[in-house]
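> Based on these hints, arrange chain B on the given structure of chain A.
Protein chains: 2
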Amino acid sequence: MGMCRDVTVEEVAAMIKSADKVLILSHQKPDGDTLGSGFALLYALQGMGKTVRIECSDGFPPRYRFLYPDFDPSVQPQFEPELIVAVDIADTQLLGGSTDEYKERIDLCIDHHRSNSRYAKHLLLDTIAAGTVEIIYAVLNVMGVEIDRKIATCLYTGLSTDTGCFRYSNVTSASHMLAATLIDKGIDSYSINKLMFETKSVACMELERMVMDTLEYYYDNRFAIIVISDEAVQKTGLPEEEMEGIATIPRQIEGVEASMTLKQKGGDIYRISMRSNERIDSSRVCARLGGGGHARAAGCTLVGTLDEVKAKILAEMKDEF
Amino acid sequence: MGMCRDVTVEEVAAMIKSADKVLILSHQKPDGDTLGSGFALLYALQGMGKTVRIECSDGFPPRYRFLYPDFDPSVQPQFEPELIVAVDIADTQLLGGSTDEYKERIDLCIDHHRSNSRYAKHLLLDTIAAGTVEIIYAVLNVMGVEIDRKIATCLYTGLSTDTGCFRYSNVTSASHMLAATLIDKGIDSYSINKLMFETKSVACMELERMVMDTLEYYYDNRFAIIVISDEAVQKTGLPEEEMEGIATIPRQIEGVEASMTLKQKGGDIYRISMRSNERIDSSRVCARLGGGGHARAAGCTLVGTLDEVKAKILAEMKDEF
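Protein sequences appear in the order of chains A and B. My numbering applies: residue 2 is where the first sequence begins, and numbers increase by one. My numbering applies: residue 2 is where the second sequence begins, and numbers increase by one.
Since the hints were derived computationally from the structure, they do not count as laboratory data. On a predicted model such as this, the values are computed, not experimentally measured, just so you know. Incorrect hints may have been included.
Treat identical chains as interchangeable: a pair holds within one or across any two.
Quick list of in silico lysine-lysine cross-link-like pairs, BS3-like style, CA-CA up to 27 Å [what the hints assert, rightly or not]:
1) K319 to K201
2) K30 to K236
3) K104 to K18
4) K236 to K122
Here chain A stands alone, though its shape is the one from the complex:
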């Protein structure tokens, strides 16, 4: 890979303005921030009369259809791009299958991930931004783009999803200022958040029900365990990436100081992920079990029947209480 030069919002605005044929790339397993950033930019450039295309190796999920109600990926313009822009992509490994061909020639990356691997020729990185959409908004502003309802919906969705609806520790006053600006453009933030945060698939609800039945408390309700069995996963057919919410169940319980999610990985293999509060060091516990990680979040893999695995865990946890 060649040199990567850091650029300012103003330089980025000038680069984009001077290009007529622009290709925008979103990362694989697309989320609200990469799609919101990509489509906000796409609509802005279309509005300026440019020829633009957006690509994502995993396609454009129906879940985010409201961001691109009239978009048909099969009838996008084909052209040799003058400028290739990657949005919210920390590393070329996240391009995935069909967009991998561009990895050596990305002109510009706009991102907020600390882990950005500086793969692009030019990089606009702001690690304080809660979502890449905050940076896209700044660029559009300098370019003099009028933020209409459609663009505002894209930007708000990225902002809301990357902050867990303004809950995560990445939220700054700038995030709320942007939300205020976007709401004034007439977006329906209520419906966006309902769809993004309050809608679960039947499969997800079913797996949650099965997993809740495995919830066990130990040591005066200060330690909690849940099990996600292969059988439950097969029965519901829920894809791995939609299980995040389920793994958080035991941590939400008042008084629980440490929790573990035991995810069966075929037969007698269990992948354990541990979370804890200030008092208990997850990395120390998991190190004793042959794993590692951070003080508040760590993991390990244990082999044995479910009862054997639980016995091993409880023996290690005993000293913590």
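Just chain B now, kept in the frame of chain A:
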């Protein structure tokens, strides 16, 4: 009750400034908005050297301890108030037991509820405000109060809890502007939201588990039912006011167009609450079952065994699909 005069933010600021002994009232079953409003005002007035007391007929819950870490209700100053201010109280019925004695002589009410019954001598009502804290902030601003971290924490908590962390349809750009201002005062919004939205009691988690086991789908997963039985409630000991989250379970499921929560009310009596999307009229269905309500939210009471009650409901719902 006498005359109620509407007053402006400026008039309220002047009224409060000119009083030296102030009594602040919060409503019974206190929530984040009434407590956040009350304590923000208390701290501001204490800072101005005034003699102030806050009262709430249901006391000050440990759940909101972070709003009043050093507060001891038993050592508050006792005095004959020059000004009695009710915050976030729509009607004197919401005063509850111990503060009921003040109901005929409330000088000022600061509120955002459309249903405000105009019981106070002076009323500052802003029904656009997502929380009463938005109005309190405006008053403190006009009074020239410096918003420190402690006051900002109170105001943010009211704002966040009354908007479901910026999710509900009452959120305006002003709500986000205020959040931005408060975050700049150094509050820990992450910890506040974690405590307010991601922490469930063991009892709540247990009842949720039992209720999820009653979840049933009908008509191609377009109709869902849950049952909250007396037995489950008794086993977990969860108070009624903490069941709100549980009642929302069936509505969160993708594809579900209508849902009912069947709450047992002793023996063969079931209180049904129904929710639906645009297509199905809840009030029409519930009217046929002897109840009523609104198009999206309605209710009725049915008598019979659980199986009989379900059969009645399914017979009525059949025509809707």
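> Quick check: which numbered hints come out false for this structure?
As far as the earlier hints go, only 4 is violated by this structure.
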